[in-house]
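Participant: With the hints as constraints, model all of the structure from the sequences given.
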Amino acid sequence: MKFRFIALVLLLAQPAFAQLERKLASETQEVELIFHAPRHINLLTVEPLDKKTLHFAIMHTFGPLNGGIQNLYGLDNGANIQFSFEYALSDKFSLAASRSSRDKFYNLYGRYHLLTQTQDNKIPFSLSLMGGAGVNTSDYTFLQEANPNFTDRTSYAAQIMIARKFSDKISLQVSPMMAYFNDPNPIYLIDGDQNLYLALGLSGKYKITGKSSLTFQYIPNLNSDLRSNVGVGIDIEAGGHVFQMYFVTSQALNEQYLLASNNGRIGEEFRIGFNVNRVFATGRRKK
Amino acid sequence: MKNLIVFFLFLFILTISRNAFAQVYKTEVGNVEFLSKASLNEFTGESAKLNGLIDLEKNVLDFFIDLNTLKTGIGLRDRHMRENYLETKKYPFAEFVGKIKEVVSLKPGESQNVTAVGKFKIHGVEREISVPGKLTALSVNEVKLDAQFKVLLSDYNIDIPKVVFYELAEEQTVTLSVNLKK
Numbered sequence: 001m002k003f004r005f006i007a008l009v010l011l012l013a014q015p016a017f018a019q020l021e022r023k024l025a026s027e028t029q030e031v032e033l034i035f036h037a038p039r040h041i042n043l044l045t046v047e048p049l050d051k052k053t054l055h056f057a058i059m060h061t062f063g064p065l066n067g068g069i070q071n072l073y074g075l076d077n078g079a080n081i082q083f084s085f086e087y088a089l090s091d092k093f094s095l096a097a098s099r100s101s102r103d104k105f106y107n108l109y110g111r112y113h114l115l116t117q118t119q120d121n122k123i124p125f126s127l128s129l130m131g132g133a134g135v136n137t138s139d140y141t142f143l144q145e146a147n148p149n150f151t152d153r154t155s156y157a158a159q160i161m162i163a164r165k166f167s168d169k170i171s172l173q174v175s176p177m178m179a180y181f182n183d184p185n186p187i188y189l190i191d192g193d194q195n196l197y198l199a200l201g202l203s204g205k206y207k208i209t210g211k212s213s214l215t216f217q218y219i220p221n222l223n224s225d226l227r228s229n230v231g232v233g234i235d236i237e238a239g240g241h242v243f244q245m246y247f248v249t250s251q252a253l254n255e256q257y258l259l260a261s262n263n264g265r266i267g268e269e270f271r272i273g274f275n276v277n278r279v280f281a282t283g284r285r286k287k
Numbered sequence: 001m002k003n004l005i006v007f008f009l010f011l012f013i014l015t016i017s018r019n020a021f022a023q024v025y026k027t028e029v030g031n032v033e034f035l036s037k038a039s040l041n042e043f044t045g046e047s048a049k050l051n052g053l054i055d056l057e058k059n060v061l062d063f064f065i066d067l068n069t070l071k072t073g074i075g076l077r078d079r080h081m082r083e084n085y086l087e088t089k090k091y092p093f094a095e096f097v098g099k100i101k102e103v104v105s106l107k108p109g110e111s112q113n114v115t116a117v118g119k120f121k122i123h124g125v126e127r128e129i130s131v132p133g134k135l136t137a138l139s140v141n142e143v144k145l146d147a148q149f150k151v152l153l154s155d156y157n158i159d160i161p162k163v164v165f166y167e168l169a170e171e172q173t174v175t176l177s178v179n180l181k182k
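For the protein sequence lines, the chains are A and B, in the order given. Take 1 as the starting number for the first sequence in our numbering and just add one per residue. Take 1 as the starting number for the second sequence in our numbering and just add one per residue.
Check the hints yourself; a few may be wrong.
[As the list claims (entries may be wrong)] Short derived list, chain A residues pointing at chain B, Cβ under 10 Å: (1) 24; (2) 26; (3) 33; (4) 37; (5) 49; (6) 51; (7) 118; (8) 121; (9) 168; (10) 241; (11) 279; (12) 281.
[To be verified] Here are the simulated lysine to any residue pairs, SDA-like style, with alpha carbons at most 25 Å apart: (13) 169(A) to 82(B); (14) 89(B) to 172(A); (15) 144(B) to 105(B); (16) 92(A) to 105(B); (17) 144(B) to 19(A); (18) 71(B) to 78(A); (19) 23(A) to 89(B).
[To be verified] Sample of chain A residues at the chain B side, in silico, Cβ under 8 Å: (20) 19; (21) 29; (22) 32; (23) 211.
These are calculated hints, taken from the structure and not from any lab test. The beta carbon of each residue, even a glycine, is placed where N, CA and C say it ideally should be.
Facilitator: In structure tokens, the structure reads:
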């Protein structure tokens, strides 16, 4: 009996093939892709860039749809086009330059990512800051009065972006925003006459398939009588690019003009908009 | 009392039998790389967090990697890869469990070509594959494994984009270079 027991133990003593325990490399994980890209329709998002990567976005908004087929639903009216390049100096901070054709407007801005939502909900939302200054470089020499000087052409924008991915499908962002124009000259292609504009940017994403989402933006103005901006669209991620197609009520593309421009009535004066986002790696990777 | 002595004796046998015969090499910092060579875009993804075990006595091996550690050099691309292609939240690991076909007997400094046959699992799909590799004994306590194999994404239900299909290759080449220690 005892020998049988010994034999059994010896048999068991043969080291059994022990599989390695499957464990994740890091315990706390950040929530990723709250939005598909650093842009969401017209607004910036909390989506960060990694150090030394460059985000290139080209955005267009066309004329109003209500011109019908005669104007090919606004495409004949010419687009406001904005190019932007955003370069990440670190994983938290990036600097960007953009140029919109409307008023030949150059904008310089930075984004800083203060908080990143984590999967264990210790940090329940992501928070990023944005601040920038821009200048209108349109030629006004045809004016009777003096050409606006550089200071008069300058305007500023700032916002706090707070976003949360509520589920795999739904993400929302709230962005209290402000814009300040040194001189809201009526010759500029803005509609407001105030210096300071306050608004609340709301961005939403609803994922419909693995690589596409319905998108939504609403930017209620808080201190002006201008109609608020509304946009609905679709984001499609296509191997390296993120395409964003949408209907929006304003042709404005940068933050200052978004807040200071009047918007068309929903349904009647929607415009087609189209963004392409692409991220490039710069510098050589370490082997 | 006697039973207790017998028990400790067994324990002792158990311990020495493990130490004396075990030919188990392990690592948690193996290198793995995949190469995607599509017509318009070629890129690699790398990780140095490959976990592996080779048992030369039993001729078995077991490898796994946390796919969250794969980096392609562009963060947004990594995030898209994790969320939409590999779906790492659902399937965090790629793993291979198999046997070495050949009998391996290596003296330090020698190397031998080997073939591993077993199950490769990624994106929740498991398939039987065969991987050729080279095993080198660096010392009594260290072996190096170099291996390369190809993975067809469609075999593992990983969709490649239909709109811009020239960016991501259907066939990925996976290269391993791993030092394992006793």
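Participant: When the structure is checked against the list of hints, which entries are broken? Sort them ascending.
Facilitator: Hints 7, 8, 16 and 18 are the ones this structure does not satisfy, whereas the remaining hints hold.
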